[in-house]
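Novice: Chain by chain, the residues:
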Amino acid sequence: MAKNILQIEDVVKTYDKHIAVNHVSFDVPEGFIFGMLGPNGAGKSSLIRMITTITRPDSGRIFFNGELLNNNHPEQIGYMPEERGLYKKMKVGEQLMYLAQLKGLSYDEARKQIKYWFERLDITDWWGKKVEELSKGMQQKAQFITTVIHKPRLLILDEPFSGLDPVNANLLKDEIYELHKNGTSIIFSTHRMEQVEEICDKIVLINKGKNVLFGGVADIKQQFKEHIFRIDFEGSLPEGVANHATIVDQSIALNDSSTQHLTVKLDANHDSNHLLRFLLDSGVRMTAFNEILPSLNEIFIRQVGESNVQQ
Amino acid sequence: MNKLWLIIKREYLSRVTKKAFILGTILTPLGIGALIFFNVKLAMYKDDNFKKIAILDESGILKTAPENQSNLHFTMVEGSLEALKKQVLDMQYDGVLVIPAISKSMLNTYTIKYYSDDKLGNDMSNDIADKIEEAIKGFKINELQLDTAKISALKTRVEIDPDPIAGDKNASSISGLVAMGIGGFMGFIMYLSVFIYGMMIFRSVMEEKTSRIVEVMISSVKPFQLMLGKIIGVGAVGLTQFVIWAILLTGISVGVGALLGPDASQMANNPAMKMPGGAMGNAEQIESVNKSAQLMIELQNQNWWAMIPLFLIFFVLGYLMYSSLFAAVGSAVGDDTGEAQSLTLPITIPVILAIYIMMTAIRAPESSLAVWSSIFPLFSPIVMPARLPFNPPFWQVALSITLLVATVLFLVWLAGRIYRVGILMYGKKVTFKELGKWLFYKD
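Top to bottom, those sequences are chains A and B. Under our numbering, residues 1 to 311 are what the first sequence spells out, in order. Under our numbering, residues 1 to 443 are what the second sequence spells out, in order.
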């Protein structure tokens, strides 16, 4: 089993009388891209602040790489907050040098790393430019460099794609994959599910300070599947399909009138093999038989919506 | 520790390398020098508007016309007022001064008329009045058959020459004045630095918060380190500025002195600058030379070896106390300037109170007001330095510093508590009640 870079154990954090994080536990395996999901105000930022040691949990424990989280760990963590910010009047080079050294890099090492990233992102002429002279997208690049310059073992990205144009978003995504390939563990905090589905291996879903869901993306989809299948076929449907399954939807393909789609939901008494056998025996010419898994978005809305109703 | 040093270095360098800082630091003393120069020049400025004035003396007090001066020319005339008025209209004179006939010559108040359509300026009006007063004085002396020598003998000046019983100081009559000057200066410097650099901290914290850089920063350093680094860095900027100003101001005061030198001695001889009555005689000039020699002796007599270190201690402690408060308040406000003002007010009130108390304290350095406010920590950084030249008792200074150190430690801790919550708190209306709650937030 893979080692965990981060273990959150029964963590509670309250501000004033508001419970921001309520007995949350989950693990982030080393080298994974891990999605931390939740609607606005769910407690994601509070959790991140505890992971980056800005605040401490009221109770519960956090382990980084097997050790109880301490003040030396932030040097192994790179954090890009949702609200980006840099010193506007400072030159990009000086700013990166400053932030890199605060992360524990030596002067020479910091210089070397900045050079490397400047060349990599093709921005070698930026050293002497002031941050306020850069466009928003350019500032984001600089911000990204500050996050990864000290080669963190764990990268925490809070809504990294917000405000990015598609070109820069893709560039950032490539860099994230590159870091992932080199073994960096990444926590990806967002409420945009399509990105999570695309990028993440494992997720935790937090709502109202509570851990609602935790597991691999595929496992969770399996867990929430509703036994819905889509059958593509030609010709006519035999009688008696309804004995095997509930028909949810039936349609004719727009581009090819000979192909039809049938969406059915199986209940507990039937399994897909029975249906398949029945269809084959009935002489239906099938071109495809797929299980439809729910999207994370649907699961998310269902989970968050349910808990909202409960309260 | 290393990180704190990095923060201090950045806060310091990012300020002292700014053009505005360099220009401000160099130009401010130059500006002050220029201001003093022009002020003295203007004070010495004489009305260059020439007036020719006819005097119609109906009382017979004036035997001859008063002495002319560069811009005033007097002529004794006779004849009817109407005729003279016409002459004024014909531009022969600028105005007619009429001294009316009076029954009692020993009046204390004389009203004389000036007929003209031009208005007399204040300076000129005073000059004319002085001339006539002088003439009337002569007239009265004559009338009363007084002896001029006896009259000047009536004038007395008393100087108190303090002579310490214990201690070997040769204190002079001006020692109190010198102490007042030095004390006032030190108190004022304290006041200025608390405000200038306190506000600098305040703005800088607010900027870091609104530009959101603070989120990035505190994922690398502790909020307290960030706050402390900023306070120390800006404090170092302040000290740098003071050192440069001290050097420049010394140079400039020598320069201005040299520029004004001849004029200044002229000013001493200028009748307009004199007290009414009695010319500054040779003896008084010698006395003024003595005074500056005394001043030098007094300045040398000051216990600088105790005063400067104590001043620096109060400077550092006072600065730490107020700047940490400004940092705390700066962290609490967003970009709402109205909110910023209402929150900084409670900090500025003690500072302003302290400067007023300080101004009273240098006049009455041993008064209970001065003593107790130089011990009370919120006022002591401004009031105690002002009392230092008056040699306050040791126990008062010691108590003052002890209380101040304790207060500084407490307030820096308090500010740190507020700061760590404040910098991450957005979009919340901040009240003092809210700030109080933040103190008890757990990390």
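Worth flagging that the hints you see were computed from the coordinates, not collected in a lab. A few of these clues could be false.
Claimed, not checked - In silico DSS-like cross-links for lysine-lysine, where the CA-CA straight-line distance does not exceed 30 Å: (1) A:Lys129 to B:Lys119; (2) A:Lys210 to A:Lys225; (3) B:Lys222 to A:Lys17; (4) B:Lys119 to B:Lys41; (5) A:Lys136 to B:Lys19; (6) A:Lys129 to A:Lys91; (7) A:Lys208 to B:Lys442; (8) B:Lys18 to A:Lys130; (9) A:Lys136 to B:Lys46; (10) A:Lys3 to B:Lys222; (11) B:Lys140 to B:Lys51; (12) A:Lys89 to B:Lys19; (13) A:Lys210 to A:Lys136; (14) B:Lys9 to A:Lys88; (15) A:Lys115 to B:Lys3.
Said to hold, decoys possible - Some chain B residues well away from chain A (every beta-carbon gap over 12 Å; in silico): (16) Ser80; (17) Ala83; (18) Gly121; (19) Ala306; (20) Gln341.
Don't be surprised by glycine CBs; every beta carbon is placed ideally from N, CA and C.
Novice: Please go over all the hints and tell whether each is borne out by the structure.
Specialist: Going through the hints against the structure:
1. A:Lys129 to B:Lys119: Not OK: A:Lys129 and B:Lys119 at ~63 Å, beyond 30 Å, violated.
2. A:Lys210 to A:Lys225: holds, 23 Å
3. B:Lys222 to A:Lys17: Holds, at about 25 Å.
4. B:Lys119 to B:Lys41: Answer holds: B:Lys119 to B:Lys41 is near 25 Å, not above 30 Å.
5. A:Lys136 to B:Lys19: Holds, at roughly 26 Å.
6. A:Lys129 to A:Lys91: Cα-Cα ~5 Å, so holds.
7. A:Lys208 to B:Lys442: Answer holds: A:Lys208 to B:Lys442 is near 20 Å, not above 30 Å.
8. B:Lys18 to A:Lys130: holds, 13 Å
9. A:Lys136 to B:Lys46: Answer violated: A:Lys136 to B:Lys46 is near 62 Å, above 30 Å.
10. A:Lys3 to B:Lys222: Holds, at about 29 Å.
11. B:Lys140 to B:Lys51: holds, 28 Å
12. A:Lys89 to B:Lys19: holds, 12 Å
13. A:Lys210 to A:Lys136: violated, 35 Å
14. B:Lys9 to A:Lys88: Holds. B:Lys9 to A:Lys88 sits at ~18 Å (cutoff 30 Å).
15. A:Lys115 to B:Lys3: Holds, because 22 Å separates the two Cα atoms, which is no more than 30 Å.
16. Ser80: holds, 79 Å
17. Ala83: Answer for B:Ala83: holds, closest chain A Cβ roughly 77 Å.
18. Gly121: holds, 51 Å
19. Ala306: Nearest chain A Cβ is 41 Å from B:Ala306, so the label holds.
20. Gln341: holds, 24 Å
When the structure is compared with the earlier hints, violations turn up for hints 1, 9 and 13 and for no others.
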